[in-house]
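Starting from the known structure of chain A, fit chain B with the ligand onto it as the hints suggest.
These protein sequences, in sequence, are chains A and B. Under numbering that gives the first Met the number 0, residues 0 to 757 are what the first sequence spells out, in order. Under numbering that gives the first Met the number 0, residues 0 to 294 are what the second sequence spells out, in order.
Honestly, I wouldn't trust all of these hints.
[Stated by the list, open to error] Straight-line distance between alpha carbons at most 30 Å, and here's what the computed DSSO-like set of lysine-lysine pairs gives:
| id | chain 1 | residue 1 | chain 2 | residue 2 |
| --- | --- | --- | --- | --- |
| 1 | A | LYS434 | A | LYS316 |
| 2 | B | LYS259 | A | LYS62 |
| 3 | A | LYS10 | A | LYS24 |
| 4 | B | LYS259 | A | LYS747 |
Hints were generated in silico from the structure; no laboratory data involved. These figures come from a predicted structure and were not determined experimentally.
Here is what each chain is made of, one letter per residue.
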Amino acid sequence: MTDVMDRPALKVVGTRPIRPDGVDKVTGRAQFGADFHLPGMLVGKIKRSPHAHARIVSIDTRKARALAGVKAVITAADLPDLASQEYEAGESASNLRDLSQNCMARDKALYQGHALAAVAAVSAQVADEALDLIEVVYEVLPHVIDVEAAMEPSAPVLHAHLFTEGLAERPATASNIAKVNRLGRGDLEAGFGEADVVVQGRYTTKAVHQGYIEPHACVAQVSQDGQCQVWSSSQGQFMVRTYCAKILGLEIADIRVTPAEIGGGFGGKTTVYLEPLALALSRQSGHPVKMVMTREEVFRATGPTSGAVIEVKLGAKQDGTIVAADVVLKYQAGAFPGSPVGAGSMTALAAYDIPNVAITGYDVVTNSPKVAAYRAPGAPISAFGVESAIDDLARELGMDPIVLREKNGVVSGVKAVYGPTYRDIGYLETLKAIKDHPHYAAPLGPNQGRGVAVGFWFNVGGESTAAVHVNEDGSAVVVTGNPDIGGSRASMAMMAAEVLGLPVEQVRPIVADTASIGFSMLTGGSRTTFATGMAVTQAAGKIVEDVKRRAALIWDTTVDKVAWESGQAVCLDATKSAVKPLTLAAIAAQAGRTGGPISAEVSLNAQGAGPGFAVHLCDVEIDRETGHVTVVRYTAAQDVGRAIHPAYVEGQIQGGVAQGVGWALNEEYIFDADGQMENAGFLDYRVPVASDLPMIDAVLVEVPNPRHPFGAKGVGEAPIVPPLAAVANAVRDALGVRMCDLPLSPPKIRAVVDGLAS
Amino acid sequence: MSELDYLAPPTVEDAVRALAAGGGSAKVLGGGTDLLVQLRAGRIKPGVIVDLKRIPGAIGVREEAGGFVIGAATPGAVIGEHAGLVGAWPGVVEAANLIGSTQVQGRASLAGNLCNASPAADSVPAMIAAGATCLVVGPAGRREIPVEQVAVGPGRTSLAADEFVLEIRLPARPQRSGDAYLRSIPRTEMDIAVVGAGVALTLDAAGTVTAARVALGAVAPTALLVPEAGAAIVGTPLDETALEALDAAARAAARPISDKRGTADYRIKIAGVLARRAAAIAYRRAADQGRGGRA
Ligand SMILES: Cc1cc2nc3c(=O)[nH]c(=O)nc-3n(C[C@H](O)[C@H](O)[C@H](O)COP(=O)(O)OP(=O)(O)OC[C@H]3O[C@@H](n4cnc5c(N)ncnc54)[C@H](O)[C@@H]3O)c2cc1C
Numbered sequence: 000m001t002d003v004m005d006r007p008a009l010k011v012v013g014t015r016p017i018r019p020d021g022v023d024k025v026t027g028r029a030q031f032g033a034d035f036h037l038p039g040m041l042v043g044k045i046k047r048s049p050h051a052h053a054r055i056v057s058i059d060t061r062k063a064r065a066l067a068g069v070k071a072v073i074t075a076a077d078l079p080d081l082a083s084q085e086y087e088a089g090e091s092a093s094n095l096r097d098l099s100q101n102c103m104a105r106d107k108a109l110y111q112g113h114a115l116a117a118v119a120a121v122s123a124q125v126a127d128e129a130l131d132l133i134e135v136v137y138e139v140l141p142h143v144i145d146v147e148a149a150m151e152p153s154a155p156v157l158h159a160h161l162f163t164e165g166l167a168e169r170p171a172t173a174s175n176i177a178k179v180n181r182l183g184r185g186d187l188e189a190g191f192g193e194a195d196v197v198v199q200g201r202y203t204t205k206a207v208h209q210g211y212i213e214p215h216a217c218v219a220q221v222s223q224d225g226q227c228q229v230w231s232s233s234q235g236q237f238m239v240r241t242y243c244a245k246i247l248g249l250e251i252a253d254i255r256v257t258p259a260e261i262g263g264g265f266g267g268k269t270t271v272y273l274e275p276l277a278l279a280l281s282r283q284s285g286h287p288v289k290m291v292m293t294r295e296e297v298f299r300a301t302g303p304t305s306g307a308v309i310e311v312k313l314g315a316k317q318d319g320t321i322v323a324a325d326v327v328l329k330y331q332a333g334a335f336p337g338s339p340v341g342a343g344s345m346t347a348l349a350a351y352d353i354p355n356v357a358i359t360g361y362d363v364v365t366n367s368p369k370v371a372a373y374r375a376p377g378a379p380i381s382a383f384g385v386e387s388a389i390d391d392l393a394r395e396l397g398m399d400p401i402v403l404r405e406k407n408g409v410v411s412g413v414k415a416v417y418g419p420t421y422r423d424i425g426y427l428e429t430l431k432a433i434k435d436h437p438h439y440a441a442p443l444g445p446n447q448g449r450g451v452a453v454g455f456w457f458n459v460g461g462e463s464t465a466a467v468h469v470n471e472d473g474s475a476v477v478v479t480g481n482p483d484i485g486g487s488r489a490s491m492a493m494m495a496a497e498v499l500g501l502p503v504e505q506v507r508p509i510v511a512d513t514a515s516i517g518f519s520m521l522t523g524g525s526r527t528t529f530a531t532g533m534a535v536t537q538a539a540g541k542i543v544e545d546v547k548r549r550a551a552l553i554w555d556t557t558v559d560k561v562a563w564e565s566g567q568a569v570c571l572d573a574t575k576s577a578v579k580p581l582t583l584a585a586i587a588a589q590a591g592r593t594g595g596p597i598s599a600e601v602s603l604n605a606q607g608a609g610p611g612f613a614v615h616l617c618d619v620e621i622d623r624e625t626g627h628v629t630v631v632r633y634t635a636a637q638d639v640g641r642a643i644h645p646a647y648v649e650g651q652i653q654g655g656v657a658q659g660v661g662w663a664l665n666e667e668y669i670f671d672a673d674g675q676m677e678n679a680g681f682l683d684y685r686v687p688v689a690s691d692l693p694m695i696d697a698v699l700v701e702v703p704n705p706r707h708p709f710g711a712k713g714v715g716e717a718p719i720v721p722p723l724a725a726v727a728n729a730v731r732d733a734l735g736v737r738m739c740d741l742p743l744s745p746p747k748i749r750a751v752v753d754g755l756a757s
Numbered sequence: 000m001s002e003l004d005y006l007a008p009p010t011v012e013d014a015v016r017a018l019a020a021g022g023g024s025a026k027v028l029g030g031g032t033d034l035l036v037q038l039r040a041g042r043i044k045p046g047v048i049v050d051l052k053r054i055p056g057a058i059g060v061r062e063e064a065g066g067f068v069i070g071a072a073t074p075g076a077v078i079g080e081h082a083g084l085v086g087a088w089p090g091v092v093e094a095a096n097l098i099g100s101t102q103v104q105g106r107a108s109l110a111g112n113l114c115n116a117s118p119a120a121d122s123v124p125a126m127i128a129a130g131a132t133c134l135v136v137g138p139a140g141r142r143e144i145p146v147e148q149v150a151v152g153p154g155r156t157s158l159a160a161d162e163f164v165l166e167i168r169l170p171a172r173p174q175r176s177g178d179a180y181l182r183s184i185p186r187t188e189m190d191i192a193v194v195g196a197g198v199a200l201t202l203d204a205a206g207t208v209t210a211a212r213v214a215l216g217a218v219a220p221t222a223l224l225v226p227e228a229g230a231a232i233v234g235t236p237l238d239e240t241a242l243e244a245l246d247a248a249a250r251a252a253a254r255p256i257s258d259k260r261g262t263a264d265y266r267i268k269i270a271g272v273l274a275r276r277a278a279a280i281a282y283r284r285a286a287d288q289g290r291g292g293r294a
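Next up, chain A with everything else stripped away, as it sits in the complex:
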C-alpha cells in the first residue's frame, strides 16, 4: 500500500480545486438520466394503483395493446415469479422477490402508486391513453399506515407469508411485524436501580423523502441477440446490472449499464424501479425505451425513509454517569420488510459508553411505499429520540449538555454497544470543537433557544476497482465504477495527482460503465472516498513503481537507485551523475521502448473504514404568534479523518444539516383517510429553500484514519444524524416545553404557545 500520510507536505490533498464535473453541471451540459436519446426510442409509462391496499382481481391490457402506437404492454406476468431470496448487492441486502414485486405488483397492490402494468408507445400522449385503457379489477382491502396501528394483532395483514422473525418461537399467525431485533448488554434492571435520575420520552417522526431533484430516469435497449444496455441515473451501475439480471432472469454478461450523471440520490437511488421494466418493454417491442418518473411518481412510489416511534428511558447518577438506557424503536418499512431499524438500533447509543443497555427494534410493514436508504439510514430517527432524552437528562442534572456527553462519551478502545471496539475515533475532539467554538458562548436574543445534539455513522469500505492510465503526454486518466454524487471525481483525481506528482488539472477522472471497469459496490455508506480512493491511490502507487522501473531501464541502473520525488524520477546512482530527473511526461514519451503503455488497475475489498461522529449546535428563534421556527445560527463539527477536498466535505456537512432541518421542521408524508398521499409534490412536501437556512458553519475535525492512505473517513452521512434533535433541543430551550413529534411545524408550535398561556 502506498502510505503517503507520513509525507510532510501534501501538495494536492487538502486543497480546494474546482471540481472537474462542475462546468458541465452549471452550464446544463451534464447528461442526467432523462437526457439520453436513442433513435427509434419509445416512451414507457406505468399504470399505478389508486388504492393503498387491494387484491388485483384481474388486469386486462387488450384495449391498450390494440391502441395505435402502443408497442409493448407488460404486467407482473411478464417477469419471472421469483422465490423469496435475500441478496447482497452493494451495501444492503434485499429480498429479490420483494424487489421484483415492488417494481411490479403481483396479486396485491400494497400502496397507492404501486406499479401494476407498464406500456411503451410512440409518444407520451399515446402511452397515457394506453394506461387509461388498461382495465384493472380491484378488491379493495383495509389498509394500515401508522406503524403502531400496523403492529396491532387486529391490523390488516399485508403479507400472508410474513411471520415475525426474531422471536423465541415461530409465531402461529402472520403479522406486519417482519422482525424484532435486540441489542444490549449488562443488566438493565440493576442499572436503573443504581440511577439517581431517570428521564424518559416517547418521540415520533414522519416518513420523509430523500428529495433528490432528479427524478428516476433510464433508457433501456435489448438487441435481437439479447444483449441489454441500460443508461440510468443511480448510485451504482453494478447494482442496476445485478438487480436487472435477477429480476429478469438474465445473465450478467448480457447486461451493460452506463451511469448517467446523477442529480441527487441520498440513498434513494440504491435500488431499481424503472430499469427492469424498461428492459422488459424494450425486449417486447424491439425498440429502445425511455422511462422518466414525474415528481408525483417519485413521491408516491419510491423510497422515503421510515416514519417511526422511538421510546427512550435513561438512568444516570447525580454526577452525570449514565448507568442504564432502554430504547425501543418501531420503524415503518413500507410495503415490504426492510426498514433501517437495524442501523437505527446500532447507532442509537453508539456515542455513549453505558454499561446496561437494551435496544429493541421492530421492522413493520405498512401500506406505504417501500422505504429506501436515506443518508445514514435509520440513524437520524433513533438519534432524535436519544438526543432529546439526553438533553432532558442534562437539564434534570443541571449539567452542561456537552460536559454530560463528554463524561459518557466513547473513546478509542471502548467496545461499542453494537459490537466492535473503536479505533482512532475523534468524538471527544469533536465535542471539544463545539465547546470551544465562539457560537457556544454567544448570547441569545429574545425568543431564541440553543440546542446540542450528536450523531454517529459507521461508514463502510467494501469492494472497489480503480484504474489509472498515463497518457502519451504524461497526463493521466482515473477510471472508477462509482457514480459521483458528492464531488468524488474531484477527490479521486486529487489522490491520484498527489501520488503521481501531477497538477490535479492533468488528471481526468471518469466514471465508467459496467463493461469498462471492474466491479464496484455502489456509492453509498460514505464509502467512495475511503474505499475507491484507496483503490485509486494504490493504482497510482503501482504506476509510480512502474515508472521507477522504466527510469532505471532508461538510466541503465537498478530500480532501488531511483526515487520518486515531486512527480519525477530522480537518479540516486552515484555513477550516473550526469542524468537529469525524468518527469512523468518524459517517461510516457518513451513508454513504447520501456514496456508499452503505462497503466494500472487495482481491485480491493477495503477494510477499516473509520466511523464518523458529528456534534451540532443550533440556535432557533420562535415567532410565538405564528409558530414559525427560524434557524438563526448553526454550527456543525465532524471528525472527517482527513478532508481530501475540504470544500466538498463542508458541502456534505451543510447538505446533511439542510436535509435534517427540513425533517425537523416541515417535511412529512401526509396521508388521507384512504391512504392516499396528499402532498406528492414540492409545493406541499416542504424541503427547505435556501432562504430558510443560515450559512451553516462546518467545522472539520481531523483525526486521521490510519487505514486509509490519506487518513480519510466517510463524511456524507453523519451530518444528517444530529439535526433533528439539535433543532428540537433548541426549540425546547426557547419554549421551555419538550416537543416530541416531528415535524415542528408552525401550527404545532402555536398550539404549544397557546397551551402555555392558558
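Just chain B with the ligand now, with coordinates in the frame of chain A:
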C-alpha cells in the same frame, strides 16, 4: 388523440372572437405560471389557448388620472420596477412580488393570479384592500368590476367563457395613506399562503385612521373583504385596543377549512395576527408619507 391550438391575437376584438369560437374549451394565457402547470399535470385539457401578450398594452403599467393601469399580462418583475406604482401602492407591489421566485416573476401577472381564482392567491387580498378594479372585456363590450367580484369559488370566476380581464386598475392613492400585505407560509419563499392579509388605510393629520380596508386570503373559498375589520380601526390611532379589535374582527370573519396546509383553528388565529401586523406596517407607511414623503 387530443389536439391543442395556440393563438396569439393582436387585438382585443380578435381575442374575444377567439375565445367565443373556442367555446368552453378555450383558455386565456397570461404568464402561464398556473396554466402551463395545470396543463402538464393533466388537470385541464383546453382545446385552444389564447395568449394575451400580443395585445398592445397587455404588458406595461401606465399612470392615468393619478391612478395606475396595469396591463393584464404584466409580469411581477415589471410591476416591481415601476417606481410610481411602488411608491403609491407598496402593499400591492410586495404582494405581486411575493409570487414564486425570480423566474416566476418574469411571467406571473396580477390578472392571472386573480383569474386563477385560488383562495390563497397572494396579490388578491392586497388588490382588494387597495380598492383595485378590473376592466373585463367580452362580446358585449367592456365593464369595470371590483377585484373582489371576480373569484366566486376555488378555480371559478364570474367571467363568462368569452370574457377576459384586460386591465387591473388601481385608484389614485389618497393623501396620508399606506398599504401592506403579509402572508404566512411554513417556509420563507416558494410556498402557498396558509393565510394572507392585506390592509390599506388613510390617516388624518393627527394620525387617526379615517378609512381602512382589510382583506384576507386563504381563510374562505375566495379572498374576503372584511368591512368589520376595517371598521374596527377607523377613528382610532391604531393603538393596542384597536389592533386587538382588528385581530378579533379578522378572526371572526375567517372561515377556513383544515387541510394539509394548516388546521382551521390555526388559520383563524393567524388571520388575526397578520391583519394586525399588516395594519401596523400600513399605518407606518401612511404616517411616513404624511411626514413629507411623496404626496
Ligand atoms: C413555482 C411557482 C410558484 C408560485 N408561487 C406563488 C405564490 O407565491 N403566490 C401565488 O399567489 N401564486 C403563486 N404561483 C401561482 C402563479 O404563479 C400565480 O397565480 C400567477 O400570478 C399567475 O399568473 P399568470 O400570468 O402566470 O397566469 P396564467 O397561468 O397565465 O393564468 C392563470 C389562470 O388565469 C386565467 N387568466 C390569465 N389571465 C387572464 C385574463 N387576463 N383574463 C381572464 N383569465 C385569465 C388563465 O386562463 C388561467 O386559468 C406560483 C406558481 C409557480 C409555478
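Against the structure, the hints come out as follows:
Using a Cα cut-off of 30 Å, the hinted pair LYS434 (chain A) and LYS316 (chain A) holds, with the two alpha carbons roughly 23 Å apart. For the given pair, LYS259 (chain B) sits about 38 Å from LYS62 (chain A) by alpha-carbon distance, which is inconsistent with the 30 Å threshold. Annotation: proposed proximity of LYS10 (chain A) to LYS24 (chain A) holds, straight-line Cα distance about 27 Å (limit 30 Å). For the hint pairing LYS259 (chain B) with LYS747 (chain A), the CA-to-CA distance comes to about 13 Å; that is within 30 Å, so the pair holds.
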